[in-house]
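Can you make the complete structure from the sequences, with help from the hints?
Top to bottom, those sequences are chains A and B.
Here our numbering is used: position 75 in the first sequence is 75, and no number is missing along the way.
Start counting at 1 in the second sequence, then tack on 1000, and there's your number in our numbering.
Where hints are given, some of them may not hold.
Which bits of chain B does chain A cover? Going by a derived footprint, with three or more residues having C-beta under 8 Å, they are [to be verified]:
no., stretch
1, 1021-1029
2, 1032-1038
3, 1048-1056
4, 1069-1078
5, 1082-1090
These are computed hints drawn from the structure, not numbers from a lab.
Quick reminder that beta carbons are idealized off the backbone N, C-alpha and C, glycines included.
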Amino acid sequence: MRLAILDSGHGFGTKALFAFIRAVSRQPVPEVLKLIRYRSDFFGAPMQKVVHEAMRGPSAWSVGDRELMAAFVAKVNACEFCTKAHAAVAAMAYHDDARVSAALSDLETAAIEEPLRATLRMLGKLTREHTVGPDDMSAVLAAGVSRKQIEDSLAVCYAFNTIGRLADAFEFFVPGPKAFEVGAKFLLARGYR
Amino acid sequence: MAYSNRLQALLRLEQGHGMSDIAQARKAVVARVLEGDGSASRALRRAAFDNAGLAEPLGTLIGKVAKQATTVTDEDVAAAKASGLSEDQIFEIVVCAAIGQATRQYDAAVAALESATEKSSHAPRDPR
Chain A
1 MRLAILDSGH GFGTKALFAF IRAVSRQPVP EVLKLIRYRS DFFGAPMQKV VHEAMRGPSA
61 WSVGDRELMA AFVAKVNACE FCTKAHAAVA AMAYHDDARV SAALSDLETA AIEEPLRATL
121 RMLGKLTREH TVGPDDMSAV LAAGVSRKQI EDSLAVCYAF NTIGRLADAF EFFVPGPKAF
181 EVGAKFLLAR GYR
Chain B
1001 MAYSNRLQAL LRLEQGHGMS DIAQARKAVV ARVLEGDGSA SRALRRAAFD NAGLAEPLGT
1061 LIGKVAKQAT TVTDEDVAAA KASGLSEDQI FEIVVCAAIG QATRQYDAAV AALESATEKS
1121 SHAPRDPR
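Structural data, given as structure tokens:
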């Protein structure tokens, strides 16, 4: 973590929570939690509402689909922390590791549904090039994705284009696979609230 | 045809008024970081959000956060501190830069979706 305040500038209650998390999970406190809990009225609390709504709110996309979108956006941004974190949640939600690793390693050949593939392709371009055009959207619509589903996918993309940038700018520590597995269980059970 | 166009216009109008939960939540985040109290001035937070008009060394740091955050270095952050910013101020402007870039991407995508659906009204309306 590049800023000392994000590592150890939290109030007493949050520090106690972190000690509890370390004791119960036997894992380091996820650095994203340190970010979200630091002066949470400024960013963490309002952002959590966006993330929870995007990832767990009503949508025709499954939780697994949305977690895969999050991991995919993170992968395009080369954000290791978020890629691993959300690939773990997606794999757990789908009960299918292979589906997630296939989609992340080669979107075009992965055995996933065409509407999801077309959506991920568009989110990838938006993340990489910072913009997309009407033709990109027409291609997604033509794959059978509804307008509402596109909007839902853009909300996921927004959330993780924000969080991923912060993970890399502040240099979140990337723990081992066990920590991400513990985190994934928590996020599947509780969401992002 | 004309009826269907009018209906679509009405639906769009309704969407604009009854803003979705997520749209409201996104708006609240932006309003908080730009207009609420903070350690950094509102002008500085706005410049970081816009990734525009920042003097060095902040221009480099914020530009990297917006365009490729993996390229941010310890030196970029050290330079921001050396220019007189506190860690809280750096925290705030980096957060603003990340939200700003994600917002521009989102807005561009929604505009593209608008013009794509205006061109063709074949888009399935009902989710699967």
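Structure-based check of all given hints:
| no. | hint | in the structure |
| --- | --- | --- |
| 1 | 1021-1029 | holds (count 6) |
| 2 | 1032-1038 | holds (count 4) |
| 3 | 1048-1056 | violated (count 0) |
| 4 | 1069-1078 | holds (count 5) |
| 5 | 1082-1090 | holds (count 3) |
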